[in-house]
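Input sequences plus hints: build the corresponding full structure.
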Amino acid sequence: MHRRTFLKSTALAGTGYLAGPLIRTHSRVKTYRTALIGSGWWGMNILRTAIAAGEAQAVALCDADERAFTGAAEELETLTGTRPNVYRDFRELLQRERPEIVIVATPDHWHALNAVAALNAGAHVYIEKPISHTLNEGKAILKAARDVNRVVQVGTHRRVSPHNMSAMDFLRSGEVGDIGMVRSFVHYGGGAGSPAPDEAPPEGLDWDLWCGPAPMRAYNPRIHPRGFRQYLDYANGQLGDWGIHWLDQILWWTDEKYPRRIASTGDRHIKRDGTDAPDTQIATFEFESFTATWEHRQYAANRAENHNIGCYFYGTGGTFHLGWRDGWTFYPSDRNKETVHVDAQLNEPDHQNIRELWIDFINAIETGQKPACAIESGYRATNMCLLGMIALQTGRTLAWDGDKGQVVGDPAANALLSRPYRGEWEYPW
Numbered sequence: 002m003h004r005r006t007f008l009k010s011t012a013l014a015g016t017g018y019l020a021g022p023l024i025r026t027h028s029r030v031k032t033y034r035t036a037l038i039g040s041g042w043w044g045m046n047i048l049r050t051a052i053a054a055g056e057a058q059a060v061a062l063c064d065a066d067e068r069a070f071t072g073a074a075e076e077l078e079t080l081t082g083t084r085p086n087v088y089r090d091f092r093e094l095l096q097r098e099r100p101e102i103v104i105v106a107t108p109d110h111w112h113a114l115n116a117v118a119a120l121n122a123g124a125h126v127y128i129e130k131p132i133s134h135t136l137n138e139g140k141a142i143l144k145a146a147r148d149v150n151r152v153v154q155v156g157t158h159r160r161v162s163p164h165n166m167s168a169m170d171f172l173r174s175g176e177v178g179d180i181g182m183v184r185s186f187v188h189y190g191g192g193a194g195s196p197a198p199d200e201a202p203p204e205g206l207d208w209d210l211w212c213g214p215a216p217m218r219a220y221n222p223r224i225h226p227r228g229f230r231q232y233l234d235y236a237n238g239q240l241g242d243w244g245i246h247w248l249d250q251i252l253w254w255t256d257e258k259y260p261r262r263i264a265s266t267g268d269r270h271i272k273r274d275g276t277d278a279p280d281t282q283i284a285t286f287e288f289e290s291f292t293a294t295w296e297h298r299q300y301a302a303n304r305a306e307n308h309n310i311g312c313y314f315y316g317t318g319g320t321f322h323l324g325w326r327d328g329w330t331f332y333p334s335d336r337n338k339e340t341v342h343v344d345a346q347l348n349e350p351d352h353q354n355i356r357e358l359w360i361d362f363i364n365a366i367e368t369g370q371k372p373a374c375a376i377e378s379g380y381r382a383t384n385m386c387l388l389g390m391i392a393l394q395t396g397r398t399l400a401w402d403g404d405k406g407q408v409v410g411d412p413a414a415n416a417l418l419s420r421p422y423r424g425e426w427e428y429p430w
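Each residue of the sequence shown is one higher than the one before, counting from 2 in the working numbering.
Derived by calculation from the structure, the hints in this document are not laboratory data. Beta carbons are placed, not taken as given, at the ideal position from N, Cα and C, and that holds for glycine. Not one of these hints is a red herring.
Derived pair list, reagent style EDC-like, types lysine to aspartate or glutamate, alpha-carbon separation capped at 16 Å: (1) 258 x 289; (2) 258 x 402; (3) 258 x 287; (4) 140 x 377.
Label-pair restraints from in silico Cβ distances: (5) 84 x 190: 33 to 43 Å; (6) 218 x 370: 38 to 48 Å; (7) 196 x 407: 30 to 40 Å; (8) 398 x 305: 26 to 36 Å; (9) 289 x 121: 33 to 43 Å; (10) 271 x 86: 44 to 54 Å; (11) 256 x 301: 32 to 42 Å; (12) 89 x 350: 19 to 29 Å; (13) 303 x 150: 44 to 54 Å; (14) 258 x 198: 43 to 53 Å; (15) 90 x 256: 39 to 49 Å; (16) 350 x 175: 32 to 42 Å; (17) 81 x 216: 34 to 44 Å.
What follows is the structure in structure tokens.
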């Protein structure tokens, strides 16, 4: 029998498994001069939420694509009565506007340069996940945040999702028993596809600037505006996109800060659409007290598997599934015990909890408290994804020294912690 429990109810409140909504811990409300770098779909989701909270004045937008910042500026003028200034180059924006908060929502290969420059300009930063395209870029962001003593909030918003918060309470309660394995996964459907031909960049897009420090390749509509994550020049595939959310949940649950050993296998078995990230991948992360795995495929959606996304925590007391839109469910080993379920509580559009994360971000700025998705946690979760990709690329198991941020005894793997930058751009580490 299912015991369905909604977050608004009190059924689990007495047991401590129900996380309450985030509330402001500061009494003073200030409006911050806010700039958005990367003015597309997800960046505007964040900025709209910030404006709705009443604590952000959108003073500037930046994007290499004029179509993105023009449409965003028009929307903001309608929404707020004030049209923000627009820029192609984030350096010019930072110099002229001196924003107090910068939202970084660019493609992954830009995150480090955007974030480090914003921090050095004195801004607090809300940065989308993953924090970086390479591991040493993440180190640079971490160092910059500490050097200037600014708050960095990472967009791993599941740390403030009510059902994820109550899931952590349940996992730590002992009900699941001793957990020896966690399996994280995303299995979305799709077919082989077909490649789109390269073409001239659309009018208004500075393609050279969009590529920036990454390799310059011919423009293809599959890359921009929303397909870049499946091109390894600009991101790290499904593991870097979806994997960080679920590996971060594992790190949130455990007291261990990083895995000791990482291995991965995978390839492009199905996709024939011109992308180059693996459509099939399995990565294994050995911790001191448990083993974690990641797996994804980009085909074969089906009704045979109960869940297509999330984490299974396997314990001596039962199996616990932590999901996204389907909340969480505990399946006890003892068949005489009831299944326990808590529904998700998400915001629209796009089933997220940006509102709660923004409130937490402002709290951290005004009180000095550590944010829910601090740069340290974002750095460690990003590292797991990137190490999985390096293990796949090298074809061997990596021994990881997380304190030093190095692969043990493997110079070739350590060389992949960074990569050369193109043109005028200088690597930040």
